[in-house]
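Student: Here is what each chain is made of, one letter per residue.
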Amino acid sequence: MVSTQAQTGVGAQQASLWGVAPYPVLVADEQGRVVLHNDAADVLLPGIRPGTPFADVVPAWLSAAHDALRAAGRTPGPPAGQEPDAPVTGVIGERAFEAHPTPRDDGTVAWWLVDDTDHLLAQRALRMERKRTAFLSEASSTLLSSLNLGRCMDVTAQLAAEHLADAALVIAPTHGRRLPVVTCLRGGTPVLAHESVDPDEVPGLGEALRGFPPVPSRWIDPSTAPVWMVPEGFGTVGSIVITPLPGHGVPAGALVLLRRSGGAAFTESEEVFARLFAARAGAAMSAARLYAEQTSITEVLMRELLPPSLHQISGVDYAGGYRPSADHERVGGDFYDVHPAAVEGEASLVALGDVCGKGLEAAVLTGKIRNTLHALLPLADDHQRMISLLNTALLNSHHTRFVTLVLASAVREGNAVNLRLTSAGHLTPLIVRASGAVEEAETRGTLVGAMPEAPARTTALTLAPGESCVLYTDGITEAEGGPMGGAQFGEERLKRILSECVGMPSESIVERVQMLAAQWVGKGRHDDMAVVVISAPRTHHLSAVNGHTRGRFTA
Amino acid sequence: MSTRTPHRPPAAETVRDTVTESVGGTVGGPVVEQLADELWDAVSVADEYTAVEVVLGALERGVDPESVLLDVIARVQGKVGEEWAADRLSVAQEHAATAINERAVAALSLHPAARTTPTRGRITVACVDGEWHALPARLLAEVLTLRGWQVDYLGAQVPAPHLIAHLHRTDSYAVALSSSIATRLPTAHAAITACQAVGVPVLVGGAAFGPDGRYATLLDADVWAPDARTAADRLALGPLPRPRPDHQQLDDLPHLADQEYTLITRNSASLVRAVFTALQDAFPAMRTYSEVQLERTAEDLAHIVDFLATALYLGDEDLFAGFITWTAQILTARGVPASSLPPTLAVLGRELKDFPRATRILERGAEDLTPVDHSTAESRS
Amino acid sequence: MTMLPPAHLRLTTVDTEDTVRIELDGELDYETADSLLTAVTDLLAARPRLHNLHLHCAGLDNVDSMGLSVLLMIRRRTDQAGVRLHLDDRTTTLERLLTITGSLEYLTTSPTGTANSSPGTGEDPRTSGEAMTARPTGPDSTT
Chain D
57 MVSTQAQTGV GAQQASLWGV APYPVLVADE QGRVVLHNDA ADVLLPGIRP
107 GTPFADVVPA WLSAAHDALR AAGRTPGPPA GQEPDAPVTG VIGERAFEAH
157 PTPRDDGTVA WWLVDDTDHL LAQRALRMER KRTAFLSEAS STLLSSLNLG
207 RCMDVTAQLA AEHLADAALV IAPTHGRRLP VVTCLRGGTP VLAHESVDPD
257 EVPGLGEALR GFPPVPSRWI DPSTAPVWMV PEGFGTVGSI VITPLPGHGV
307 PAGALVLLRR SGGAAFTESE EVFARLFAAR AGAAMSAARL YAEQTSITEV
357 LMRELLPPSL HQISGVDYAG GYRPSADHER VGGDFYDVHP AAVEGEASLV
407 ALGDVCGKGL EAAVLTGKIR NTLHALLPLA DDHQRMISLL NTALLNSHHT
457 RFVTLVLASA VREGNAVNLR LTSAGHLTPL IVRASGAVEE AETRGTLVGA
507 MPEAPARTTA LTLAPGESCV LYTDGITEAE GGPMGGAQFG EERLKRILSE
557 CVGMPSESIV ERVQMLAAQW VGKGRHDDMA VVVISAPRTH HLSAVNGHTR
607 GRFTA
Chain G
5 MSTRTPHRPP AAETVRDTVT ESVGGTVGGP VVEQLADELW DAVSVADEYT
55 AVEVVLGALE RGVDPESVLL DVIARVQGKV GEEWAADRLS VAQEHAATAI
105 NERAVAALSL HPAARTTPTR GRITVACVDG EWHALPARLL AEVLTLRGWQ
155 VDYLGAQVPA PHLIAHLHRT DSYAVALSSS IATRLPTAHA AITACQAVGV
205 PVLVGGAAFG PDGRYATLLD ADVWAPDART AADRLALGPL PRPRPDHQQL
255 DDLPHLADQE YTLITRNSAS LVRAVFTALQ DAFPAMRTYS EVQLERTAED
305 LAHIVDFLAT ALYLGDEDLF AGFITWTAQI LTARGVPASS LPPTLAVLGR
355 ELKDFPRATR ILERGAEDLT PVDHSTAESR S
Chain Z
357 MTMLPPAHLR LTTVDTEDTV RIELDGELDY ETADSLLTAV TDLLAARPRL
407 HNLHLHCAGL DNVDSMGLSV LLMIRRRTDQ AGVRLHLDDR TTTLERLLTI
457 TGSLEYLTTS PTGTANSSPG TGEDPRTSGE AMTARPTGPD STT
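Chains as they are written, first to last, in the working numbering: chain D, 57 to 611; chain G, 5 to 385; chain Z, 357 to 499.
If you're looking for bench data, these hints aren't it; they were derived computationally from the structure.
Where a beta carbon is used, it is the ideal one built from N, C-alpha and C, also for glycine.
Watch out, some of these pointers could steer you wrong.
[As the list claims (entries may be wrong)] Reference listing, derived: stretches of chain D covered by chain Z, where coverage requires no fewer than 3 residues with Cβ under 8 Å from a Cβ of chain Z: (1) 406-418; (2) 453-460; (3) 497-505.
[Unchecked claim] To give an idea of the interface, some chain D residues facing chain G are shown, with a C-beta separation under 7 Å as derived from the structure: (4) S201; (5) L203; (6) G541.
Looking at chain D on its own, in the form it has when it is part of the complex:
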């Protein structure tokens, strides 16, 4: 504490002590006049002299603090254990200061000024960094959650408009003539448009979309911005910056940020930050684009392998259901097809089979078999011949992957359906009679594709109206589970269920078998499951609804 003696010269030594202190110190009396000051204060506040009014030489915030302190009538010195007076803060010149008051016994107050400019700047920078980090982490988790390009563009535009600009445009590179552009105003929802424009007409945009030559963010003169770049009702554009969206080695697009005139322009640090955001958005959009390209390839290849949807053909009802062994797959080693006769009045050919193996590899083999059978359709009335030719086609010295299948030729005759059935090493088809009896078809043969020959015996039978023939794969009967676990679904249970299905439409029988087998396995593992039901419709009326042949009422 500075002694009152300082005023009288006795304290000159002490005064000289703080006189050379690195912090500016000034003492003002109750009348608001400067009493003392040190060298540092002289440098900071030029023109300061003892006797000058405090308010004339210090900024208003400090003079007000001095007045407030005097008005409060503070007695000198904080009593032991009590906090000293809190400092006040303010700016002097271009720097920020904390002013710590020390009331003295004679009623004067010594003000110690501490320069905390750098501290404040660091704090502000830290706050800004934290905010940006939080934003980038939010952006990353939102962007990474989707593999859909459209949604990634929406999210990018929306986040950019919320945090970086008054409006944002996300533009994707395209091979087509029209440029996909998602626009979002701050507080608005993203809107997709396709613009028939040449990106090279906008400086920096063509390069950003090509990813070559590499460009940093590019400022463009707002007055040269094309009309499509400025969202409707945006007002006058103050500044525009175009930032490339770098992808995984390929350009993912461009981000255009717009600010209104009158608002703050983009600072260099904001532009750097926008680039960090662009890197994340670009990576997400690039991943989404790659995913889309891959899925569209898969989709095309898969289309051939997916089971067809069945319907009524020439007065015979067909329904089929398929469930691959793994939930994430859509194809597997089971397959079925129904080929309508080339000539009306002849039999349609149904094939249901099961190749050995699982997953995509098995599915590819089913594709080969389905194609071969399709090519052999002219021989469809001779099941044995088809099977023998298929056997030859599949035989290969390198492996013994085989298929078991059932061929069925079905033709309507009056209200009944005539069936010829041939099993090539496959589970026997079941016939659901109108009486509720479930019969096994009398056909048996060998598997196809692994042994030199594949003989099989064909059987012929007739379905009366409401009767059905059920073809299925072993995924159904070998399903393990049941209410108490560990039991096989089995043929007996399947037959019992089918005996309760008399008179049900074919699709309901398929659904019921699939449902009960699915409930049987519960969450357990299972093989591919396929069911096809061929039915003689209950009434003589033709179905009006099959989506393919023109029904009576469908215009």
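Since the structure of chain D is already known, use the hints to place chains G and Z on it.
Tutor: Relative to the frame of chain D, chains G and Z by itself:
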């Protein structure tokens, strides 16, 4: 425990739920009532030809296609459920009726009066995995199409990986998920969370979510709709909120931390086995059961355990009590005394005595059962 | 000699002069079948004077289509090597699978030709008497 009822409980539950659902969204009027009667007459005898004629005839006369879907077809489907519950339709008849209703919907969708061009965004409509009852979702898909949405209808029992792959592939604005069976709710919850995780909001519907949609709220679905009409109205109102990206299943259901659900689900088969064995002493009538009857008993037990697990998952005693009461009614309707239910719950309670939440739920079920035990089929509407 | 493949099939091999017996325990399926084929292929290569290969099947819980495919391949290889294949102690399940797929006779009847005959040269162990409208020959089994 009944072993003579011809039903399988899951299908049964489905049907009952349809009743609740269709009644909620029905708009009356003499014309549609007349149509519903005509359609019922056709559907109940599996006459597809007449059924399709009724539906297409209505369109020809200018009846609004949406009204035909919701006030005629959905209403008739509701009646199918009622009639099955009252044992006036067999399983085969019920399935046939449902299939013909579905064919009627298909016929309607091809009619020029129902032809629309999409003017709105893309919506994915799907049933939760394990949900085989597709008609409510199908009706919603048709209604949304009529109202100008571009609809991707994925059908019954869609595994979550397929649903998510579809959402990545398409720019769906929202997913509408349907579930009628309460026991599918844990699966539905996983699907809801997965859709939200890829940034797509989820609208849910179907009786599984409770008549007031309470489970939709519990499982943090973005929107719940009691019926197709309300769902379509809500979607027309404006954009759905974007889901929180960080939604975790456990946040919705902190009580799962006690592991009761996990343990009971994981060991459900051995639990059913234990109860099955103990029940043979507690319920002597079982000794006279045939093999098929015994298997049905085991299936019914498994279904009770399934509902118990669901009640544990949701932390909701009412769900289990409601199921037990309803089971008793179904048995009674078939002239089967529900006297096997109390001993079953008691045996189950003994097996699960170390599971406090399960014990409470079972006690609640037993309490609610007592008055119903003596009621008869006539007491129900 | 005991081999322990990673999956759920255990093979125990018992050697005598001109006969090898492999006991199969567990599942012969998609995941395990290859280990049996490898074991048999190595065996045939290592023992040119072998006459009989016995696969003891009593311990097999389950044979799926991949398992059957491997049995068919083993048959092809043993035929080429002039070794007689015996599937001993077949379980009911295995018997049923072989019956349904029509492969029982092929896998359990000795080739009629000489020891070195290839499977494509017309030996036909099946007795089913149906008419054969086409009699394709198998490809040359030289691998």
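Student: Work down the list of hints and note, for each, if the structure agrees.
Tutor: Cross-check of the supplied hints:
With 5 residues carrying a beta carbon less than 8 Å from a beta carbon of chain Z, the region 406-418 of chain D meets the three-residue requirement, and the given coverage holds. Look at the region 453-460 of chain D against chain Z: 7 of its residues bring a Cβ nearer than 8 Å to a Cβ of that chain, three or more, so the hint holds. For the region 497-505 of chain D, the assignment as covered by chain Z holds, since 4 residues bring a beta-carbon within under 8 Å of that chain's beta-carbons and 3 suffice. With its C-beta approaching chain G no nearer than about 5 Å, S201(D) sits inside the 7 Å limit, and its interface hint holds.
Interface hint at L203(D): satisfied, since its Cβ lies 4 Å from the closest Cβ of chain G, which is below the 7 Å cut-off. A distance limit of 7 Å between C-beta atoms decides the matter here; for G541(D) the minimum to chain G is near 3 Å, and the interface restraint holds.
Violated hints: none; the structure is consistent with every hint.
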